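Here's the letter readout for the chains.
Number of protein chains: 2
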Amino acid sequence: MKIVVLGGDGFCGWPASLHLSALGNEVTIVDNFSRRRIDEELGAGSLTPIRSNAERRAAWAEATGRHLDLVELDVATDYERLLDLLVTLRPDAIVHFAEQRSAPYSMKSSRHKRYTVNNNVNATDNVLCAIVESGLDIHLVHLGTMGVYGYGTAGMKIPEGYLDVAVNGEAGEMHREILYPTSPGSIYHMTKVLDQDLFAYYAKNDALRITDLHQGIIWGTSTPETQLDERLVNRFDYDGDYGTVLNRFLVQAAVGYPLTVHGTGGQTRAFIHIQDMTRCIELALANPPERGVRVKIFNQMTETHRVRDLAAMVARLTGAVVENVPDPRNEADENELHVTAEAFLDLGLHPTTLSQGLLGEINQTAAKYRDRVDFAHIPARSLWTKDRQPGIPAAYREDSPGGLPTDPVTAIDAG
Amino acid sequence: MKIVVLGGDGFCGWPASLHLSALGNEVTIVDNFSRRRIDEELGAGSLTPIRSNAERRAAWAEATGRHLDLVELDVATDYERLLDLLVTLRPDAIVHFAEQRSAPYSMKSSRHKRYTVNNNVNATDNVLCAIVESGLDIHLVHLGTMGVYGYGTAGMKIPEGYLDVAVNGEAGEMHREILYPTSPGSIYHMTKVLDQDLFAYYAKNDALRITDLHQGIIWGTSTPETQLDERLVNRFDYDGDYGTVLNRFLVQAAVGYPLTVHGTGGQTRAFIHIQDMTRCIELALANPPERGVRVKIFNQMTETHRVRDLAAMVARLTGAVVENVPDPRNEADENELHVTAEAFLDLGLHPTTLSQGLLGEINQTAAKYRDRVDFAHIPARSLWTKDRQPGIPAAYREDSPGGLPTDPVTAIDAG
Ligand SMILES: NC(=O)c1ccc[n+]([C@@H]2O[C@H](COP(=O)([O-])OP(=O)(O)OC[C@H]3O[C@@H](n4cnc5c(N)ncnc54)[C@H](O)[C@@H]3O)[C@@H](O)[C@H]2O)c1
Ligand SMILES: NC(=O)c1ccc[n+]([C@@H]2O[C@H](COP(=O)([O-])OP(=O)(O)OC[C@H]3O[C@@H](n4cnc5c(N)ncnc54)[C@H](O)[C@@H]3O)[C@@H](O)[C@H]2O)c1
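Chain order of the listed sequences is A and B. Per full-length UniProt numbering, residue 1 is the first one in the first sequence, and the count goes up by one each step. Per full-length UniProt numbering, residue 1 is the first one in the second sequence, and the count goes up by one each step.
Just so you know, the hints here were simulated from the structure itself, not pulled from any lab data. Be careful, since some hints might not be right.
Same chains, same label: a pair holds when it works inside one copy or across any pair of copies.
Unchecked claim - No farther apart than 30 Å at their CA atoms in a straight line, the calculated lysine-lysine pairs in the DSS-like style are these:
id: 1; residue 1: K386; residue 2: K108
id: 2; residue 1: K204; residue 2: K108
id: 3; residue 1: K204; residue 2: K2
id: 4; residue 1: K386; residue 2: K204
id: 5; residue 1: K157; residue 2: K204
id: 6; residue 1: K157; residue 2: K386
id: 7; residue 1: K2; residue 2: K386
id: 8; residue 1: K204; residue 2: K368
id: 9; residue 1: K157; residue 2: K108
id: 10; residue 1: K368; residue 2: K2
Everything numeric in this text was worked out from a predicted model, so none of it was measured.
Work out the full structure: start from the sequences and follow the hints.
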């Protein structure tokens, strides 16, 4: 297959590009490197020493003899070049990762909110519009989030995208299958709701073939492909904005920082290992919907856990200390989350479980690169509303009586 | 009250601004005059000879002694000035009309689709963001559309925004009130779905007070305020892009052009007279929701009709001929539409009915200005998909054997 990977330089896009290339597909990466520029804006960076995209692609060619193309363009603003690319390349499929994907980043300020909305909505609309204008039958696979469902789903098992409801019709009760009612928890999550509306519309009006993957939180860093050469190393975010919760706990454990549990840690979240993500993309590409049918939605996750249980698990493995800190998010302290996620299992996914993968991840990544950790970037500081507090452990608060700790124990050695 | 009217130079915004000013409110109009530039782009124009906004405001001051302020700015792109305006003026309410509002225009080309999405989403997001950043408790009243519900609502009476549904919970059936599931029929209508998601989010996270008016199709042109002086005349669009269906029939009748019914004309639509729209805005402003509750949604319409019945009504009154032409839209030929719209009646609205108002509208506007009609702009030419046909009557098609009619009968004199 000829596949365009939008956002193919990112945390998910890079290993997905390698995986698709390894399978023998012709892969063209499109990226505007906005994520690398955000590293500069935040003064933060990947725990792992990621290489330039050119060096990454050269290393891939060396290691495998396979070629990856790169087109640097902004999907949200450079419509003409995007359209040109499609018309010239005539891809079979597009995998769309090219969005601003951090919830805390999307809440930092008006500028960050507006950038996230503008970038994500226009990126998605441009892709859809360009597929229609190209006249080509391109299958679009998009990375969405479990967060579109919201976490106020107590008492219900979340289906894969569509919900059967009964309503009072004029001639008695009638049934309808509707998009699951959304309740996003941040501006970022809301943009994925907007995406979902765009997909529903273009699938209906233009009979586009679209798959939307409602993905859980990724954990892990490496895949068999990124491990082929050090220069292929994937990014690993541990900071309060881009770090995903489990990866952050692993780094915190590795450097002896308390595991920062927001609020009671009663939030239940869905997880998937990064390698399973690449495999799900492969399966989604191999199983496109027909033309003229509704958007195909998968729940792309393999386990759910409460945040405090994850922290306890990491603490057990490493000896790290858990600390409950304020929750900077405007969210319920405790929530249930029961998810239907059979479709990928039926297609042959064999998930990597936390219990299998966690220790390896700690040793291979968190412990290996712990010297690169900048403590100042660990806590989550972006507030959902003005009256929230940043998620900083007591000893690290500016008003902490003893001053900031200077020589943290590396709990992982002790553990 | 101090009120900012975004889009206050437009078809709805201008009479609404006058009405709110007449009631003694302090009104500031914000507009970037994009609608006037679109007239130039399309080479089309208002049937009525509308004046510049400066002349309009001067005429209003002369006629009533009341002052209207104008701030020319683009709500979708000029966030800083919008925020400044709010912080300086400290308005009690904002009425938000500032969007690209034509469905056919939104479907003309990729550029038009992209402009509509970009303009409408960013305008709405900027307003919401600016209200949050200002820290002020400003009530936002937005003009949405009945079209968010979609027209696939057979067998159900559409509630005012929220639908009670029963779902299978893990412990048996449970009830939820959800936003009515959407099914927009054009890119334009879809942007109103996106708006709705933005509102739900900001009402939840930031406790903003928001009223969303799901408005039917406006008919009529004049209100008591616009009739005070000829220079206050409202715009009247009759072209295939911006003309609303009934207003187009009135003009077609006035110039002896066939009443162009798309397809079978079995589409059922919701209508409201322009004067009732101004009154609904007044009522919505007087009845804001509390802080911290969900978005208040009204169905702002007073009657529903099938398009072919409207055409028959206009034909009866004027002697005009009805012609079924191809439907350029991708829509069902026939649909039912039953709408709940009690909230405004309960608040004291006394609607103007078609049967009372139609004849006056024909004489005062359509017949009066018929010399200004450009026949080339009458048919709807914007196609929803490539395989659709424009809505041109047989005699006016380019391939018509007799050539284009040169001296149309003015059916209204004959009728
Ligand atoms: N990481 C997770 O845990 C997770 C969970 C659920 C869903 N997702 C989704 O997966 C997708 C990828 O996430 P990620 O973690 O790889 O994020 P990332 O920020 O690491 O990667 C996104 C990539 O897209 C690029 N990009 C952004 N906007 C662009 C634009 N306008 N034009 C061109 N390129 C652009 C960035 O430069 C970056 O390389 C996102 O849509 C995200 O919402 C991620
Ligand atoms: N006319 C109808 O029948 C109808 C029906 C249902 C809903 N509505 C809604 O009512 C609202 C007003 O409709 P209308 O018929 O008055 O349309 P209109 O085009 O006549 O007026 C819209 C006004 O907003 C301005 N505008 C657009 N984008 C702007 C921006 N970014 N910054 C500043 N100003 C901007 C335009 O210049 C114009 O003056 C729209 O939101 C529309 O969707 C109208």
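Checked hints:
1. Only within a single protomer do K386 and K108 lie at most 30 Å apart by alpha-carbon distance; the minimum there is 11 Å, versus 43 Å between protomers.
2. In this homomeric assembly, K204 and K108 come within 30 Å of each other (Cα to Cα) only across copies, at 17 Å, whereas the closest approach inside a single copy is 35 Å.
3. For the identical chains of this complex, K204 and K2 are intra-copy neighbours only, at 25 Å inside a copy versus 43 Å across copies, given an alpha-carbon limit of 30 Å.
4. Proximity of K386 to K204 under the C-alpha cut-off of 30 Å is restricted to the inter-copy arrangement: shortest distance 14 Å between copies versus 41 Å within a copy.
5. Both within a single protomer and between protomers do K157 and K204 lie at most 30 Å apart by alpha-carbon distance, with minima of 27 Å and 23 Å respectively.
6. Taking CA atoms no more than 30 Å apart as the test, K157 paired with K386 passes in neither setting, with 33 Å inside one copy and 41 Å between copies.
7. In this homomeric assembly, K2 and K386 come within 30 Å of each other (Cα to Cα) only across copies, at 26 Å, whereas the closest approach inside a single copy is 47 Å.
8. Taking CA atoms no more than 30 Å apart as the test, K204 paired with K368 passes in neither setting, with 49 Å inside one copy and 42 Å between copies.
9. Proximity of K157 and K108 under a CA criterion of 30 Å is satisfied in neither setting, with 32 Å inside one chain copy and 42 Å between copies.
10. When the C-alpha separation of K368 and K2 is checked against a cutoff of 30 Å, the pair qualifies neither within a copy, at 36 Å, nor between copies, at 61 Å.
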